[in-house]
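Could you build the full structure based on these sequences and the hints that come with them?
Those protein sequence lines, which keep their order, are chains F and W. First residue of the first sequence? That's 1 in the working numbering, and the numbers climb one at a time after it. First residue of the second sequence? That's 1001 in the working numbering, and the numbers climb one at a time after it.
Each hint should be verified, as a subset may be incorrect.
To be verified - Derived EDC-like pairs: lysine to aspartate or glutamate, alpha-carbon spacing no greater than 16 Å straight-line:
1. W/Lys1008 x F/Asp98
2. W/Lys1005 x F/Asp113
3. W/Lys1185 x F/Asp93
4. F/Lys89 x W/Glu1187
5. W/Lys1005 x F/Asp93
6. W/Lys1008 x F/Asp93
Calculated directly from the structure, the hints in this document are not laboratory data.
Here's the letter readout for the chains.
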Amino acid sequence: MIIFDSVTKMYGSRVYALNDINLRIDKGDFVFVTGRSGAGKSTLLKLIYGHNKPSSGSVSVGNVDVGSISSRRLAYLRRQMGIVFQDFKLLWDRNIFDNITLPLSIWGKRLPDIRRASERIMKDFDVWKLKDLMPYQLSGGEQQKVAICRAMVGEPWILIADEPTGNLDPDSTREVFNMFNFAAQAGTTIVFATHNESLIEMHRGRFVKLEKGKVVSS
Amino acid sequence: MIIRKSFKDIFRHKLSSLLVVKVTALFVFLSLVFLAAAYNLEIVRKKLASEVRVTVFPAEGYDVKDLAEKIRKLEGVTGITHMDGSAALDLLKKRFPDNEIIFTTAVMPDLVEVRTDIGSVDLLRKMLNKLEGISDIVVNTSWLGSAINMLDIFRYGLVVLIVIMFVISVALIYYATRLGALQRKWEITIFRLCGATEWYIRLPYLLSSVVLGVAGAVTGVLLYYFTGVLLGTAVLRFSGQWLSSFDLSALPVYVILIVLFVSVMIGMIGNYTAFLKTDNTE
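Below is the structure:
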């Protein structure tokens, strides 16, 4: 589970990105984090995957205090997470297969295991046919599908998505959302930041609404 | 795996990799050329400084051979030859019988030629002045002093050039690798998010720095040998016997190894510092 205990995050000495957040996300939850731009959604996610440290309070992920662990332990903690961004964060000089298998290569998995895991997920999400293409040859929707496959290939127990449909058309948005639903059904904990109204209407799970760095409803 | 990744990184970032190799090669090549020039100038300087000639003319009635023996025992004398004037004339008459008339009217003085080094000239002159049986002493060191001063200035100039080049090379390597690191920032961020440890990110970077440093250094040494052989042969051909009499030689191997080591270290330190400076993904 993920626990925010009185978490405040400040940028500089005056700007409060998050202010005294107390939040608990249980294993298997599919949580939508909503709010306007600048409400603190991305900061909340960054605290979960340890990109930022809280100014005060603590964030624990699976009983590990993310703000105080070493960079090595943080690297291993991130191996239990899949992270998806609005700008896809694909490597432009590698083909789709290499992009999707990147986490497994980094973790030092054996090539047959890498092939098996990646083939399964790529076929599940109909990406297998794109495996030899380069990212710049794909549409935005396809690139995001590839990014989600990369996030899920290591079978993480948490999926973190920061506005993953921000650059997509409605059809691609629906397709991407279905991928997250698929992961949720498999028991993955999902923290999904968005301000996309159509998605919010489609979501049947829990919402955490942020306003000016504070949780206004959960 | 890490080694393969290092090599892949080198080819993936061709522009910055080539820049590092070129700068390192240029630094090594120019350093070796300047060092070789300074090294050989020192040889020439030593040779010139140790070959000062003092001509001593014996007084009337004194035997040149005896005088030469007395001078040989003086401090600072590195070599000595003497010439009997009348014996020398006889020799010339025999060698050039057609021109005997010239040598019949000519007079050749007896003389002793003393070799010493430039540091001992003044002391030797004082000792010669005290010696009996000498009519005149001729020491012409003014041109030699100027030549040695010129060589010294030139040599120090080369050393200053090497230092300037060193600073420029470090700066160039630093900025070249900074460029490379900036190119990789996107990649490094993604690696981190995928759970890469610091060593997974830094080790290939360090290894590729070493590979690039060694590649640049070896290229520089090869260039040095290639141009050194060509230039050396050309210079000796045009200067004839004059330069070859100084025993000009290539740099000792240990100097080349030191330059190689220093350049690889420059490459590595420059590279890694640039990496750390750029590696701020927070």
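These are the hints, each one checked on the structure:
Pair hint W/Lys1008 plus F/Asp98 holds up; C-alpha atoms about 13 Å apart against a cutoff of 16 Å. Between the alpha carbons of W/Lys1005 and F/Asp113 the distance comes to roughly 19 Å, so the proposed pair goes past 16 Å and is violated. Restraint check for W/Lys1185 and F/Asp93: the C-alpha separation of about 14 Å stays at or below 16 Å, so the hint holds. With a C-alpha separation of about 9 Å, the suggested pair F/Lys89 and W/Glu1187 falls inside the 16 Å cut-off, and the hint holds.
Taking the CA atoms of W/Lys1005 and F/Asp93, the gap is near 14 Å; set against the 16 Å cutoff, the hint holds. Taking the CA atoms of W/Lys1008 and F/Asp93, the gap is about 11 Å. The hint holds against a cut of 16 Å.
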